[in-house]
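Participant: With the hints as a guide, bring the two chains together.
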Amino acid sequence: METFEERISKYGKSFIIDFSILVRAVGIYESTNETILQMAKRLRDDIEFFLEESGEFTLKIIEGSFYIEGTRIKGGVSEIEIFTSLAHEFKKRSIGVFDFKSPVRTEDLIQLAYTLRRGSELSEIQSELENKLMKGVTVGGPVFMQKEEGIDLKDSYAVARRAYAKAFMAIKETADSIKSGTRVKLKKIKRALQLLVDSILTDESYLTAFTAVRNFEDYSSCHPVNVSILSVILGKKISLDRHQLRALAITALLHDIGKTEIPASILKKKTDFTPGEQELIKRHPVDGIKVLLKSFGLSETLILSMLVSFEHHMKLNLSGYPATSDGRRLNLFSRIVSIADDYDSLVSGRVYERKQLSREDALKLMIGGSGTLYDPTLIKAFAGIFR
Amino acid sequence: MNEEPGVEVSEEEVERVRDIFRALTVTIKTVTIYPRDNPIYQKFAAEFFGKFNLFFESYDELSIGVEQYSLLYKGNRVYHSEERNENIALLLFADGIRQIDFHKGITSEEIADFIDILRLASRSETKDDDDIVTLLWEKNIKNMGYSAVEDTVDDSLAVEESLLLEGIDQKCEEVSNIGSASYPSSATTSVPVALETEPLTENELNGIKNEFSGIEENLLLSSAVGVFFELLKSRNETEVFPEIIQNIGKIADIRMKNKDIKGATEILTDLRKISDIYDAPEQRDLIAAVIDNAGTPDKLRTLFSHSEPGDIRQYLVLLGTNSMPNMIHMLGELQEMKQRKVLCEILAEFGRQESGVLSQALMDDRWYLVRNIAMILGMTKEPGAVKHLEKVLGHPNVKVRREVVKALENINSEDTKNLFRVALNDEDSVIRIRALKALKKFKDPALFRTLKESASIEELKKRSFEEKREMLETLAVLGGRDVLPVLSELFKKRGLLEKDEITEIRACAAYGLGLINTPEAIALIEKETGSRKDILREACVRALKESQKSGNV
Chain A
1 METFEERISK
11 YGKSFIIDFS
21 ILVRAVGIYE
31 STNETILQMA
41 KRLRDDIEFF
51 LEESGEFTLK
61 IIEGSFYIEG
71 TRIKGGVSEI
81 EIFTSLAHEF
91 KKRSIGVFDF
101 KSPVRTEDLI
111 QLAYTLRRGS
121 ELSEIQSELE
131 NKLMKGVTVG
141 GPVFMQKEEG
151 IDLKDSYAVA
161 RRAYAKAFMA
171 IKETADSIKS
181 GTRVKLKKIK
191 RALQLLVDSI
201 LTDESYLTAF
211 TAVRNFEDYS
221 SCHPVNVSIL
231 SVILGKKISL
241 DRHQLRALAI
251 TALLHDIGKT
261 EIPASILKKK
271 TDFTPGEQEL
281 IKRHPVDGIK
291 VLLKSFGLSE
301 TLILSMLVSF
311 EHHMKLNLSG
321 YPATSDGRRL
331 NLFSRIVSIA
341 DDYDSLVSGR
351 VYERKQLSRE
361 DALKLMIGGS
371 GTLYDPTLIK
381 AFAGIFR
Chain B
388 MNEEPGVEVS
398 EEEVERVRDI
408 FRALTVTIKT
418 VTIYPRDNPI
428 YQKFAAEFFG
438 KFNLFFESYD
448 ELSIGVEQYS
458 LLYKGNRVYH
468 SEERNENIAL
478 LLFADGIRQI
488 DFHKGITSEE
498 IADFIDILRL
508 ASRSETKDDD
518 DIVTLLWEKN
528 IKNMGYSAVE
538 DTVDDSLAVE
548 ESLLLEGIDQ
558 KCEEVSNIGS
568 ASYPSSATTS
578 VPVALETEPL
588 TENELNGIKN
598 EFSGIEENLL
608 LSSAVGVFFE
618 LLKSRNETEV
628 FPEIIQNIGK
638 IADIRMKNKD
648 IKGATEILTD
658 LRKISDIYDA
668 PEQRDLIAAV
678 IDNAGTPDKL
688 RTLFSHSEPG
698 DIRQYLVLLG
708 TNSMPNMIHM
718 LGELQEMKQR
728 KVLCEILAEF
738 GRQESGVLSQ
748 ALMDDRWYLV
758 RNIAMILGMT
768 KEPGAVKHLE
778 KVLGHPNVKV
788 RREVVKALEN
798 INSEDTKNLF
808 RVALNDEDSV
818 IRIRALKALK
828 KFKDPALFRT
838 LKESASIEEL
848 KKRSFEEKRE
858 MLETLAVLGG
868 RDVLPVLSEL
878 FKKRGLLEKD
888 EITEIRACAA
898 YGLGLINTPE
908 AIALIEKETG
918 SRKDILREAC
928 VRALKESQKS
938 GNV
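In the order they appear, the protein sequences are chains A and B. According to my numbering, the first sequence is numbered sequentially starting from 1. According to my numbering, the second sequence is numbered sequentially starting from 388.
Only chain B is shown next, with the shape it has when bound in the complex (with noise of 0.2 Å):
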């Protein structure tokens, strides 16, 4: 709020600064929107390099005072805002920026970094605690002034600088004999040393140079790295770990966010090394923090685009069993085949310990994802996954129950057996074959007694081939000599005009026989190696080579 009288200037001056000021207002809005190559950001920034071209047509300086609300030109307002947010004034002044210099000759590129510089503390973009202040010294734009205030004005501290600054101007003058005013440009020279140094060669020059390629962010992380773990390795620093950790973990951050993946295992690495270290609870937590924070969504979607799988593997691991939900979440977006294989190993390797997590997704709603986890219970091997999965052995999905089934083969646990039961009631012929080739694997007596009443002319009438050559099989299997009487009476069954049905079972009592593979077996498949029906003949023969292969006649 500026309610002094203006410096005594034509309407048409102010109206051009004004004009410039409603430009960069524009501008700074489609800043925020669009990258400085966007073509319409461009189009922007030239209308307001224009203005800026047309004023200084007539003048050579445009100086602008800046107030909190405002922008002044020769005491005139020329621009006003009292929003909260995109306000120039409220930016520039809020730095303790309070006149700024634009000089005729000033680039295209020169407004464009000073529009950028606006947007970043108009963002609170600044890093590295800078400001428009030190941002606008950083960018040195040559046709560019600007005089700004400092936060603080201590008393005291003003006495000792001015007491400095006089012992300065007092010792000077001692030193050279001579005062400021009259102070020679090279004021060393007055102290010489004689001392004979060459000066330095271009290849000693060049050589630091090469060394010093910037300020590499890459490399300085990795510096700080180094320290860090070189100080916790090396003593018990209590008292400033946390804020170690803590650091650390921001730099794991930033290695992924810049999908330095090798940088962040790394750091994973040493933190897993050093939790060795230093096993007080808290400090356990700490550590356990950051690489839990290294298992979050954005951080494992950044892994799987950004590296093979030998990679992928080796980060996984480092994570623990707490990233498994995000982990599993990640297995739901998952579509490469290789990448999805290694998650699903290394979920393996942790349900072994944690497989409560496991079970929780089998709630999922998604079967594919329900699929890989029974999936991957199965791969832990482990007996105490079978009782998760039995709640998914009734899924609507018939690929999940196939999977769960294939799951229980791989776990072969006893309380498997029960589960297997119960897959031969599936409506799916694929799981029922599967649960008796299990079942068949138990030699359990007691299961030969479930199983004779499914071997029911009638039942197995409704079944396919391959799905009665294993019911028989098993029960051949599983039953011994008191099996006989069973396969025999089924091998047997003939009528007038024998249907293709019962043929298909007669050809699987005769496998079913040559695995009970006694004479009296053996003597009743022979009797059937000459028959007509090409199925049972077929069945007999092959039979009978097995049972020879298998020696015991």
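Only chain A is shown next, with the shape it has when bound in the complex (with noise of 0.2 Å):
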């Protein structure tokens, strides 16, 4: 079965390639003529299919690129010249936003395309809609992308903060397309780590304070990233180079996804859980290989991830669980990962009688646990990121 998504990918191609074409076509052909109705007919079916899905969608044309509904419309090789022609149009009358807010007749739609190819700015096009009446469709100005380059990357802190929310909107779009069943961009999970990456390799502080922002409606969210980002210190700690980095970031991030499996009700309990949501709790390293293997191809990123998911909760002495075989060596980036994923739920009152510890009190708990639950270089070098 097709997602939303999915759809709008679909039926937004032929929405582009149909308007372009009836624009392109004004200029060659009189309005009364049959091939203009045709395609004008056309159209106005790709509108009421999005109307019929959304109610009301909008057209966005940022960087060149169409979006709706905020997807991105990308056209196959063959349609490239279309897609661009009509991109041009609207650039050219620094057009950025359609709104159609109900069905659109055909006439309308041929007047729209000669009022598009005849005006030379925005505002005329825009007056020239008002003066004709016409309802189902507004038009707007240009959009800008808040982009890398839109932020001075010699501003830490903005650049901190911009990483932040990054990862934080990267673990929720990955999260939700799990939900969805939608296939996860593996390579936005990484566009967006790299920037983080890149902030702690340039100045760790801002992150790490960062990570004592809490925002507990959003804790499946926020807790992730905070752990990829303390994660990513103490690989800094430790010297590993910045691709390595990079696929720590990623592996801490994911490294509690097998919980996009439990619901929601149970994860956000404030009360103790009952057994049997204890058990569904103690499954998601499980669980986490099962999404990860449906979401990924086989690559470096998939098996380190799997590996962080299954391992994050065993402790160096192979206590905790899932239960494993003995002689297991845990992986490095899983017990970085543990300590990080340990130490944010002991701050964030998440485990430890759901009591709230205080940073050092979590770190004194913490190294208790040296060379029993703990690497105990990694939890001296945690320890030394507070210093």
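Worth double-checking, as some hints may not be accurate.
Stated by the list, open to error - Facing chain A, a subset of chain B residues (Cβ under 8 Å, in silico):
#: 1; residue: L552
#: 2; residue: I631
#: 3; residue: V704
Derived from the structure by calculation, the hints contain no laboratory data. All C-beta atoms in this analysis are idealised placements derived from N, C-alpha and C, irrespective of residue type, glycine included.
Facilitator: Here's what the structure looks like:
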């Protein structure tokens, strides 16, 4: 079954093609020409499809790309010219947004195409649409996307802030994609965490501070970001290189991905878990493997993420869960993420009788487990982060 | 299609940039053909780098705008292509890059890295869901910058993002009581922890470093396989079973690609164990598909090119009978004797269960392969193989027919008897002799009557000494007392001018009489122990010795 996003991509393509052809055609034919009428009808049908799907919808043109309801509409190689031509028409007239709110008549669409063709700038087109009392559609100015270059890369605070937000969005979108069964875009996660790694390599202090900012309403998104940040900082302390740090950041961000299989009502529960719920929660390391296998192709990232998901609740002495074979040597990434995960959980009050520990108490407690629960070198390096 | 007027810039400056991208286009084409260390590629890369240097002699930065079909320098089109492949603008644009900057000081190594990235992207050779943006980050080209857009612009997420950012600012302000503008360079110093911790010693750091000497693929694959099998062995993971098995298959593929035969063998071994636990038909099918895939011709070629016979045997045994056609195909290609031997032994093992597959290969055009298959059928020692061998008993190639008779000897079942009888009429004496030897073992009196007809003087004259002897000895063994008249007649045959061919027949009859070993037979032989004909005398002496050895006289 197609998801909403997939349907948008599929029908969005027809929509852009039909729109582009109509705008071109009105430059050649009279409005009464049969070809024009046919094209307008097709465009009307495309619009009605989206209106039926979502009531109303928005077409945006950002940096030469089309987006319908936030999803980028990509043309095939043979359609690129058609896409580019329409984007160019809009750019020339500084048009960035079309809002379609109700069904549009065929003759209105032909009129819209003529208006676009004739109008030299946005205000002119807007007023012509108003004069014609065309109610189903409104036109807006250019949309600018927030980009990395929009922030001063020398401003460490701004970079850290943006990195945190991107990582937060990445895990949120990933979890949403998994729940809705759509493909997880690993490159999007990578792009998000590249900035996070660079930010930490430049100046880790801001992101370290941000981990103390807890949004309890959205713990399931903030916690993985915090764990990712703390893991990368610990990775930096033990001299992992930039490439390794990105891999570590990804695996840490995805360490709890198995929790997407647990109902939100259980995860958000403020009282103690029932034994059944506890059992369900304890399955998340294994469920993580399932989710990852279904979402990603076999790659270095998948394997590392799987290992971390599987092992992050196993302790150095192989206590913890899930039960495992004797003699297992926990992966370094798993040992790092385990420390970052436990720390963030302790200071968030998610474990240890749900009591929120201070940073100092949490670290004291964890140092007490050095050599048994945690890798002694790593826990020492971790404590050093807060020195 | 950019129709915007460009920024005021000299035509010479624009032409220099066009020149750079013309050179880049040629270099990209070259790099798809030649590796990075090839002199032809290096020549083009050097030329491309030279164009950069020329530009940077006058300018400090080269900033390029990216459109779907075009690259722009200060608004002027410096590259345009509507090609589907090797289109630099399209490649960059498709991955969201909208601007790319080269800075003065860029090195030839950095340029080569950039070309590599474009090459990977143009051939869709990126792995791990990489694109140009992630690859550029990985390469970390110091003298290059870029800006890129994302795939989605979700309004609801944008709102959430801005709320989050507001939250961060607000909380940071609360915690530190200072605004972002004056946030200290080391933010955490505002919330220090009063723990006495020592920095890591060099030994501790080295310990960790040694353990983690990079993200080593082989190690990772082993870990992944370990987790997969641990999951499969510990519980009934039916929901994700197909994905686990498919990925195990992929790892087995990588192992073979990396020529890690031992690693691939381990995976197959574990898969065989797992198939005992997961016995639902669809699960068995999935496991079987992975095992079958480990026996494709390509993988078998890798196996034989990079392993010792012991390792080859271990791997092949695990494949099972489904891979027999590919193994047979391989048998037709292999040159090395030891490897062929191993393969034949394995095929013989599998052939006991699936002799039909071997039978099909007997129809192959390559006589040497058919000969091997005949041998393998013999090695199976299965009576069921006789019917297959019968098909090639009349093969045009004598080497094949010889092998068929040998194979029939190995099987030695009742139904081989008729085929040996047929083989007696083969034009090749080696085959006929083998058939005689084989028939001798059956001790079937009915065979005596068949052979007796071939034991006429005229028939025997046509045969070699060895065949004559074998024929008459066989008669002796099969005929018992009935054979004495036949052999004694042949033994006594004389003429005035006894020809050598008659003497040979008499000598062979002597061997036969020796085997009968009755007093009458012995008496006959003894008479000729002083013969002037060397061949006859020698035969009589030997026959007597043999008969004395058997001790029946």
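Participant: Next, verify each hint and record whether it holds.
Facilitator: Comparing the hints with the structure gives:
Taking 8 Å as the C-beta cut-off, the interface hint given for B:L552 holds, the closest approach to chain A being about 5 Å. For B:I631, the shortest C-beta to C-beta distance to chain A is roughly 7 Å, which falls under 8 Å, so the interface hint holds. The criterion of a C-beta within 8 Å of any C-beta in chain A is not met by B:V704, whose closest approach is roughly 26 Å, and the hint is violated.
Going through the hint list in order, the structure does not satisfy hint 3, though it satisfies all others.
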